[in-house]
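Protein chains: 2
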Amino acid sequence: MNTLLILLGCNLLSGALMSQERIVLHSQNSAIRLDLMINANGVVSYSVHYKDREVVAPSTIGFSLKKPAIELNAFECAGFDTASVNETWEPAWGEEKSIRNNYKQLVYKLTDKNGSGTRINLIFRIFDEGVGFRYEFPVQPALEHFIIGEENTRFHLGANHTAFWIPGDYDSNEYLYNTTRLNAISAFEASAKEPDIALKSPFHNRAVQTPLMLKTDNGLYINIHEAALLNYPAMNLVLNEDDYSFTSHLVPDAVGNKAYLQTPFRTPWRTIIISDDAREILSSRMILNLNEPSVIKDPSWIRPQKFIGMWWEMHVGKASWQKAGGKHGANTANVKNYIDFASANRFDGVLVEGWNEGWEDWFGNWKEDVFDFVTPYSDYDINYLTSYAREKGVRLIMHHETSGAVTNYERHLDTAFRLMRQLDINTVKTGYVGRIIPRGEHHDGQWMVNHYQRVAEKAAKYRIMVDAHESVRPTGLHRTYPNWMANEAARGNEFNNAPALGLTPEHETILPFTRMMGGPMDYTPGFFRFRLNQFDSTRKTRIRTTIAKQLALFVTMYSPLMMAGDLPGNYSLYPDAFDFIKDVPVDWDDTRILAAEPGDYVAIARKAKAREDWYIGLVTDENSRRLELNFNFLDPKSQYEATIYADAADADWNNNPAAYTIKKQHISARKKIKIAMAPGGGCAIVVRKK
Amino acid sequence: MNTLLILLGCNLLSGALMSQERIVLHSQNSAIRLDLMINANGVVSYSVHYKDREVVAPSTIGFSLKKPAIELNAFECAGFDTASVNETWEPAWGEEKSIRNNYKQLVYKLTDKNGSGTRINLIFRIFDEGVGFRYEFPVQPALEHFIIGEENTRFHLGANHTAFWIPGDYDSNEYLYNTTRLNAISAFEASAKEPDIALKSPFHNRAVQTPLMLKTDNGLYINIHEAALLNYPAMNLVLNEDDYSFTSHLVPDAVGNKAYLQTPFRTPWRTIIISDDAREILSSRMILNLNEPSVIKDPSWIRPQKFIGMWWEMHVGKASWQKAGGKHGANTANVKNYIDFASANRFDGVLVEGWNEGWEDWFGNWKEDVFDFVTPYSDYDINYLTSYAREKGVRLIMHHETSGAVTNYERHLDTAFRLMRQLDINTVKTGYVGRIIPRGEHHDGQWMVNHYQRVAEKAAKYRIMVDAHESVRPTGLHRTYPNWMANEAARGNEFNNAPALGLTPEHETILPFTRMMGGPMDYTPGFFRFRLNQFDSTRKTRIRTTIAKQLALFVTMYSPLMMAGDLPGNYSLYPDAFDFIKDVPVDWDDTRILAAEPGDYVAIARKAKAREDWYIGLVTDENSRRLELNFNFLDPKSQYEATIYADAADADWNNNPAAYTIKKQHISARKKIKIAMAPGGGCAIVVRKK
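Sequence lines, in order, name chains A and B. Per UniProt numbering, numbering of the first sequence is gapless, rising by one per residue and ending at 690. Per UniProt numbering, numbering of the second sequence is gapless, rising by one per residue and ending at 690.
Bound-form chain A, shown alone (with noise of 0.2 Å):
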């Protein structure tokens, strides 16, 4: 059923007065159905069918504008247009070559029915795998500039699914995954259980984030997010548990306002991706094909980089970012040592965090001239070192922590990229720790989410590439701006140091099927050391994985920017599982998703970028688990040879996580096998063709 349904379609066809018209539209694969209907009272609303089951019953939409002070609720319907877009593009770089773009477009146009007469657009595309619509505010007379004080975008799921989730919150996405019935979301619950987290701002009990993770109980996946966040707060959603229908609610500027916009405006995408098959959610690609294509004409610049960090030694409390107290890490003579082992370990960069004057006095106060983002402390030698990691075929990344003052990052940040020029440093590492000055905004609010663009845009004239932590959760910008590469902006494997809660086991089950729906993560995995007293043997916090897992992340935690976390020394304990993390590469081809399921575990299979090496990381939770994998997407005129690095027969993560067996085995495209995990374990495999 490859058409356009149009049942009474925006009553332009009859002329009568009809109490229900319905527009309907299938995707090309006719799993996905869309309703778009609006009642004789103009309220509009929208459901969405899989394979003939209600997924979505009839949502309704609108707008609450502060100025000018209007309700937009009420429509009539002035016309619609369709369109139908199958196309292929290529991305600067990511997981696979190229990406298929495939959907039917519906604009709906619509007039406020209370008085205003302003007109909105409601665009529709309808995916293989789900549906993305978007407002659209065009130029008109009565509407130039306008305020949101609320965007009511409703889902309506009508049961009690099983829902992944971390609390609505302005500032913070670094929450571990709750995994409960919606009935049972309790975001303050959740919050208050956090104490690790440097700065909370729940806002509602029964508001969550996206990307919103959702299962049904007759076998469906239902993932919620957006797509194209540009010039536009972030969206939550705030649950009613009297029908479980969730709306969306925008994190507020200083003054409480949600969007500063002027005519023509277009909101993020809402994104409703659908599948019976959980691996279907992981290789859509319908958030990224939402997206406008790359602004950067040239990105020949880019490039995916693997590197290491002067970063975890502060974490563990060997060194300190600041220098006084005795303990300073970024010196000169320490990063050397780094720029020695990256270079003689096929890093592309060193990460050097503490290099610049501040941190003395840096958090949790509010303070808006704390760095300069140009004046190393005295020791560090940035000249030397940068000559000395040219020489090593090494380069150091640069870090802009900005303890949230942000207008002053923005003061600074044309010198800051112009000394990085200078010194050929041609990767950022920014950071917003803490509240945020403009005093008021939200990490997550309209003008947080500018910033986040403008820097973006000014890193993309320096030719710099940027790796934002602590930033609003990722949309799929990155192929908008692919110098953009990859971003925190949720629970990172730095939280295995937090003494509260720590990462569960289950957590990098739960991380794809989420945070990573909308791009890159920059989730430093490769751990090698599980218990964090080294350096302070009173610290009680550990890591609960096994080493097999930390190398599978490589691969299922997938970035352009990867950073192996641990210390230099600690990679030499175990040197032959380090050959995986030295081998893997960061950018692909080709990506199959083998298994998963979310909060149990997750199979996937990379092709290395123009080789015929596949790269393959499993992960499974608290559980073992035997997961039998089909090298079916192998060349099948091709023999290969596989090298398994997998969990030991003994292996755990909490009594045994550092056991693990290297074996090679031959490998064929009609070959099965069944690959066993530790609980908290996994498996990371190298296939080479022969």
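Honestly, the hints are just simulated from the structure, not real lab data. Certain hints may be false.
[To be verified] Chain A regions said to be covered by chain B (calculated; three or more residues, Cβ under 8 Å):
#: 1; region: 347-355
#: 2; region: 365-376
#: 3; region: 411-424
[Claimed, not checked] If the Cβ cut is set under 10 Å, some of the chain B residues that face chain A in the computed set are:
#: 4; residue: Phe146
#: 5; residue: Leu199
#: 6; residue: Ser201
#: 7; residue: Val406
#: 8; residue: Pro438
#: 9; residue: Arg439
All figures in this text were calculated on a predicted structure; none of them were measured in a lab. In this text, a Cβ means the ideal position worked out from N, Cα and C, and glycines have one as well.
Put chain B on the given structure of chain A with help from the hints.
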């Protein structure tokens, strides 16, 4: 009585528990007496006497902090220090060649008695004409970063004085002054009468701004203001009508806090200037003396300037700032004419507004990305005009209207200043019309106070002079930052074109006692055409002045950046009167206040920098007035010729504003002459040494 009188000061002498302890300090000339008291409950208060008359009755001090959440209103005295200073210093430019700074200082050390142990120092400086005091938060273990909730400084006046006031307001100081008894202060009513002020934020019906000018029934003049406003919000004063006391009210930030501070910190000075002779209010340099010396070591590049502007054309509807619409003022040909006019008439510069892209949509929508400060309109050839101006011995003056989008300005500031340096343009008029971004911040809050300082400091690095409009009221910072030469920060001459209230003839007799106590004002005097319907016959606005008064303002309204406001074409109407504008200097070796009464008249004589000529300006309010001038400030051994630009006998602001006479007269130091001023009139005199 030149000594410090200590009556059981601080209880250090007796050791006994006293109900009241007191320190008394007199000024060098004994006219001013400060009493500082602490009672048994730890309440600290001060009082001020002038010639044995109580001017400020016992008034308490204190703070409410938000972080830590403590009230600082009861103290123990931990000792005190005294000092005295008598020095002279030379300003980079100004009303005098050298300034005497002569005061006694008392540092009163207090410890919070409520339990926090917080230490603050109260620092008083007693001058011959008044008292300044500030609070110091020294470095201390229990207080490093802290947030001010409110400063609770009282000024207990104790009687229903006459006040010259404008409404307390977070964003605007462009009000017409009200002259009422204290108990008739009604800020909301006064604000409601001002539809021509684009942005108003009155916050309390009994609130007024400083400088607040007061006159008592027994003939004392009192001026309350502040000095050295840095890293702190501006102070408003809220009247308690029960006892005729004012309490400080600081301008809040976006979340309701007042200031984010870190020890050591010193607040601005609170200033009280007192005299029984109104002239001594105007001749006081106490506020300037309370500011720190210049931070600019080589001020040779800072030059007082007289200039004209591509500006009034837009105000009267001849041209527009924006290019769209076909009336763009700042086009190459038009500005070339301004340069020719400036060159032919000895002006130093030409201000050009509307030169840059963005004016089509710049105001009223809280829009952030309006101007980039470097992109000229296509009909404005900035490179050609710069070199043409240079040929003609004239400099262009840059205009940076921010539209209140200060975040946007700050991120472009370096680039904008670099363009100015490249073009050898070394003066900028900044503007802050509209609601501030960061949204929720105010023009007079701490964040903006810091912004103005940042602009001054960054401008100094680029050797740029600053003239800030819609900025916070000045507090003598031109001593510390002599490149931050002038501000508008009050109702300027442009309000002659405001339909509702416009300007009254008395306005310029009040401004010297109020706004100008803090520093020079870019008032833009010199209007020769009084009905503003020249280009738009429907326009009813008019200027309530005489030509002679407009000339006098060049002397009475001191500014080192002095813009002659009218159109070049209008100056040709009265070429002999225009001679005064061409001749009058903008930098002075000496200044004498010859006569003054707030709201009635001002007469000021100034000696031209490095020359023997004096220039005198007299202005009156709506009443005609005859003032006798005593020329005893002239060199008694020399003879002078005075050129007197006076109102004609039948001149009148309302019916005959352009009637003036020019006569020459022999003058010597022994001479007294009577000058008659018309209603709304004035007189300008050049006294040249023979």
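Comparing the hints with the structure gives:
1. 347-355: violated (count 0)
2. 365-376: holds (count 4)
3. 411-424: Holds: 4 residues of the region 411-424 of chain A have a Cβ under 8 Å from chain B.
4. Phe146: holds, 9 Å
5. Leu199: violated, 14 Å
6. Ser201: violated, 12 Å
7. Val406: Result: holds, 9 Å to nearest chain A Cβ.
8. Pro438: Pro438 (chain B) check passes; min Cβ-Cβ to chain A is 3 Å, inside 10 Å.
9. Arg439: holds, 5 Å
The earlier numbered hints that this structure contradicts are 1, 5 and 6.
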